[in-house]
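Q: Sequences listed follow chains A and B, in order.
Okay, so the first sequence: first residue is 54 according to our numbering, each after it adds one.
Okay, so the second sequence: first residue is 129 according to our numbering, each after it adds one.
Some clues are possibly wrong.
[What the hints assert, rightly or not] Derived pair list, reagent style SDA-like, types lysine to any residue, alpha-carbon separation capped at 20 Å:
#, chain 1, residue 1, chain 2, residue 2
1, B, Lys133, A, Lys72
2, B, Lys182, B, Asp152
3, A, Lys93, B, Pro207
4, A, Lys75, A, Lys93
5, B, Lys229, B, Ala169
6, B, Lys199, B, Gln131
7, B, Lys229, A, Leu64
8, A, Lys93, B, Lys182
9, A, Lys94, B, Lys133
10, A, Lys93, B, Val215
11, A, Lys93, B, Tyr167
12, A, Lys72, A, Thr108
13, B, Lys229, B, Asp129
14, A, Lys72, A, Tyr160
15, A, Lys72, A, Glu137
16, A, Lys93, B, Glu170
17, B, Lys133, B, Pro242
18, B, Lys133, B, Phe174
19, A, Lys94, B, Lys229
20, B, Lys229, A, Glu137
21, A, Lys72, A, Asp138
22, A, Lys105, B, Glu170
23, A, Lys93, B, Ile241
24, A, Lys72, A, Pro163
Think of the hints as simulated: they come from the structure by calculation, not from any bench.
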Amino acid sequence: ETGVTQTPRHLVMGMTNKKSLKCEQHLGHNAMYWYKQSAKKPLELMFVYNFKEQTENNSVPSRFSPECPNSSHLFLHLHTLQPEDSALYLCASSQAGPSGGNQETQYFGPGTRLLVL
Amino acid sequence: DQQVKQNSPSLSVQEGRISILNCDYTNSMFDYFLWYKKYPAEGPTFLISISSIKDKNEDGRFTVFLNKSAKHLSLHIVPSQPGDSAVYFCAARATNFGNEKLTFGTGTRLTIIP
């Protein structure tokens, strides 16, 4: 496969469930991102990983827990979510520069459509 | 407070005519701007970008114009084609600080009428 892939594409979960979203990039990038897209709102950056280290956590509730085991894989672990967490969750990757700053375009996966009941 | 604004949620244009999508920003530290295109059930795909040292960047049918004094950028698509029907997101970044964070607008849904 090429590009950025995400699984599952759709997920329905109850508020007491625990689930994980998976992202994999095949582009040789070293930076990965989680975004949330809610209806009629801009894409919201949740987490950034550069060289497997988390460099940004955008005030995301602790019920969302990211994991980056290597530069190609990124997970988002979900537990005790709320209905307002229902959204499209997008993963992206890019190539970070030597100083950690990113001069390159971000490439997005297709997203996971999450519904919390 | 939204730092990147796309004030038109939707736009309809006749096939063959010019589509103009607008974007305004408030943060004067932004110096790199991107347009992404999104089809239903797919993630955003990069379309075109512009650095603040330029006022125009062209790639085939797509041209982005940047007016720094007005903190405004626009995407021109000419001629518009049915396959251009999608949601277009404007994004901005302050790259001078090594900040990889992109700030997105809410998007404009473009519909090309055959």
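Q: A separate judgement is required for each hint: does it hold in the structure or not?
A: Hints versus structure:
1. With a C-alpha separation of about 34 Å, the suggested pair Lys133 of chain B and Lys72 of chain A falls outside the 20 Å cut-off, and the hint is violated.
2. Between Lys182 of chain B and Asp152 of chain B, the direct Cα distance comes to roughly 17 Å. Compliance with the 20 Å bound is thereby established for this hinted pair.
3. With a C-alpha separation of about 28 Å, the suggested pairing of Lys93 of chain A with Pro207 of chain B is violated against the 20 Å cut-off.
4. In summary, the hint linking Lys75 of chain A to Lys93 of chain A is not supported, as the alpha carbons are separated by about 25 Å, beyond the 20 Å threshold.
5. Among the hinted pairs, Lys229 of chain B with Ala169 of chain B is inconsistent with the structure: their alpha-carbon atoms are about 24 Å apart, more than 20 Å.
6. For the proposed pair Lys199 of chain B and Gln131 of chain B, the alpha carbon gap of about 11 Å is at most 20 Å, so the pair holds.
7. This hinted pair does not check out: Lys229 of chain B and Leu64 of chain A have alpha carbons roughly 27 Å apart, beyond 20 Å.
8. A C-alpha spacing of about 31 Å is found between Lys93 of chain A and Lys182 of chain B, which places the hinted pair above 20 Å, so the restraint is violated.
9. Distance restraint check for Lys94 of chain A and Lys133 of chain B: the Cα-Cα separation of roughly 11 Å lies within the 20 Å cut-off, and the hinted pair is therefore satisfied.
10. For the suggested pair Lys93 of chain A and Val215 of chain B, the alpha carbons sit about 12 Å apart, so the restraint of at most 20 Å is met.
11. Restraint check for Lys93 of chain A and Tyr167 of chain B: the C-alpha separation of about 15 Å stays at or below 20 Å, so the hint holds.
12. For the hint linking Lys72 of chain A to Thr108 of chain A, the alpha-carbon distance of about 24 Å lies beyond 20 Å, and the restraint is violated.
13. Using a Cα cut-off of 20 Å, the hinted pair Lys229 of chain B and Asp129 of chain B holds, with the two alpha carbons roughly 16 Å apart.
14. Between Lys72 of chain A and Tyr160 of chain A the CA atoms are separated by roughly 24 Å; this puts the pair beyond 20 Å, and the hint is violated.
15. Restraint check for Lys72 of chain A and Glu137 of chain A: satisfied, since their Cα atoms lie roughly 16 Å apart, inside the 20 Å limit.
16. Between Lys93 of chain A and Glu170 of chain B, the direct Cα distance comes to roughly 17 Å. Compliance with the 20 Å bound is thereby established for this hinted pair.
17. Our distance criterion of 20 Å between C-alpha atoms is broken by Lys133 of chain B and Pro242 of chain B, whose separation comes to about 28 Å.
18. Simply put, Lys133 of chain B and Phe174 of chain B have alpha-carbon atoms about 18 Å apart, close enough for the 20 Å limit, and the pair holds.
19. Our distance criterion of 20 Å between C-alpha atoms is met by Lys94 of chain A and Lys229 of chain B, whose separation comes to about 17 Å.
20. The hinted pair formed by Lys229 of chain B and Glu137 of chain A fails the criterion: a straight-line CA distance of about 24 Å is larger than 20 Å.
21. Simply put, Lys72 of chain A and Asp138 of chain A have alpha-carbon atoms about 13 Å apart, close enough for the 20 Å limit, and the pair holds.
22. Proposed proximity of Lys105 of chain A and Glu170 of chain B is contradicted: the alpha carbons are some 25 Å apart, above 20 Å.
23. Between Lys93 of chain A and Ile241 of chain B the alpha-carbon distance is near 23 Å, which puts this suggested pair outside the 20 Å criterion.
24. Restraint check: the Cα-Cα separation between Lys72 of chain A and Pro163 of chain A comes to about 18 Å, which is no more than 20 Å; the hinted pair holds.
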